[in-house]
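Visitor: One letter stands for each residue in the lines below.
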Amino acid sequence: GQNIDQPTEMTATEGAIVQINCTYQTSGFNGLFWYQQHAGEAPTFLSYNVLDGLEEKGRFSSFLSRSKGYSYLLLKELQMKDSASYLCAVKGTGANNLFFGTGTRLTVIP
Amino acid sequence: DGGITQSPKYLFRKEGQNVTLSCEQNLNHDAMYWYRQDPGQGLRLIYYSQIVNDFQKGDIAEGYSVSREKKESFPLTVTSAQKNPTAFYLCASSILGNTYEQYFGPGTRLTVT
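Top line first, the protein sequences correspond to chains A and B.
The first sequence begins at 1 in the numbering used here and counts up one residue at a time.
The second sequence begins at 1 in the numbering used here and counts up one residue at a time.
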């Protein structure tokens, strides 16, 4: 079976740094994706990790440890517009299926 | 502008009626997907298709049907057999291959009363 865990909600202050964790147990692994989703809108792609280590893309970075089944998304210099849900998704083996966690709702406060 | 369109944004139906949600993409992607999103749950895969005239069931296909007659289009029918159809439905597409992200449409919020 597939199990992907993320915290349900987080709150952080504008200008600060926040780390959103994701742990996974899946029957196969072909990479981990992070998506951002504003309420009532489509998820948009943020990052993809398939090898261990940190991928940096502007204010957002994503880290993966395959041996630990663990990833995190790091958001720096938080802005109010970063208030959204952040979805962790693992690509399993076979087909193109993505398995999604429940998402972490981040609220950025002034 | 390339992208995925879903229409309508909001859809209301009476219980017992079938309803079809449209999904069109002009990204030239081979693969297309339908997900359902409920509060407090992750996106769950309903159906996916990797090539025209072929599609596969996802984790929660019961009560749904799809067709893939054209590369650009992947409509989803929510039948009266779906016991709890009220949800936010998201269509996505991607290039085939492990490293390619899925692009999502804006979603259709279906309410059945």
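Derived by calculation from the structure, the hints in this document are not laboratory data.
Keep in mind that a hint or two might mislead.
[What the hints assert, rightly or not] In silico negatives: residues of chain A with every beta carbon more than 10 Å from chain B:
| no. | residue |
| --- | --- |
| 1 | T8 |
| 2 | E14 |
| 3 | I17 |
| 4 | V18 |
| 5 | T23 |
| 6 | N30 |
| 7 | A42 |
| 8 | Y48 |
| 9 | E55 |
| 10 | K76 |
| 11 | A84 |
| 12 | A89 |
| 13 | L98 |
[Stated by the list, open to error] Partner residues aside, some chain A positions facing chain B, computed with beta carbon under 10 Å:
| no. | residue |
| --- | --- |
| 14 | V50 |
| 15 | F63 |
| 16 | T93 |
Nothing here was measured: the structure is a model prediction, and the numbers come from that model.
Just so you know, even glycine gets a beta-carbon here, dropped at the ideal spot from N, CA and C.
Visitor: Over 10 Å from every CB of chain B: does T23 of chain A meet that, or does the non-interface label fail?
Guide: holds (14 Å)
Visitor: Regarding the assertion that E55 of chain A does not contact chain B, is the least Cβ-Cβ distance greater than 10 Å?
Guide: Non-interface label on E55 of chain A holds, nearest chain B Cβ at 12 Å vs cutoff 10 Å.
Visitor: Go through the hint on T93 of chain A and say holds or violated, using the shortest Cβ distance to chain B against 10 Å.
Guide: holds (9 Å)
Visitor: Close enough to count: is the Cβ of F63 of chain A nearer than 10 Å to one in chain B?
Guide: violated (18 Å)
Visitor: When you look at the beta carbon of V18 of chain A, is every beta carbon of chain B farther off than 10 Å?
Guide: holds (20 Å)
Visitor: Would T8 of chain A pass as off the interface with chain B, using Cβ distances and a cut of 10 Å?
Guide: violated (8 Å)
Visitor: May I ask you to check that Y48 of chain A keeps its beta-carbon over 10 Å from the closest beta-carbon of chain B?
Guide: Given that some Cβ of chain B is not farther than 10 Å from that of Y48 of chain A, nearest at about 6 Å, it is violated.
Visitor: Checking hints one by one. Is V50 of chain A an interface residue toward chain B, by the C-beta closer than 10 Å rule?
Guide: holds (7 Å)
Visitor: At 10 Å, judged by beta carbons, does A89 of chain A keep clear of chain B as stated?
Guide: violated (8 Å)
Visitor: Could you let me know if the closest chain B CB is still more than 10 Å away from the CB of I17 of chain A?
Guide: holds (25 Å)
Visitor: Decide, holds or violated, for the assertion that all CB atoms of chain B are farther than 10 Å from the CB of E14 of chain A.
Guide: Check passes; 27 Å lies beyond 10 Å.
Visitor: Was K76 of chain A rightly flagged as not at the interface, with every chain B Cβ beyond 10 Å?
Guide: holds (22 Å)
Consistency note: the structure conflicts with the earlier hints numbered 1, 6, 7, 8, 12, 13, 15.
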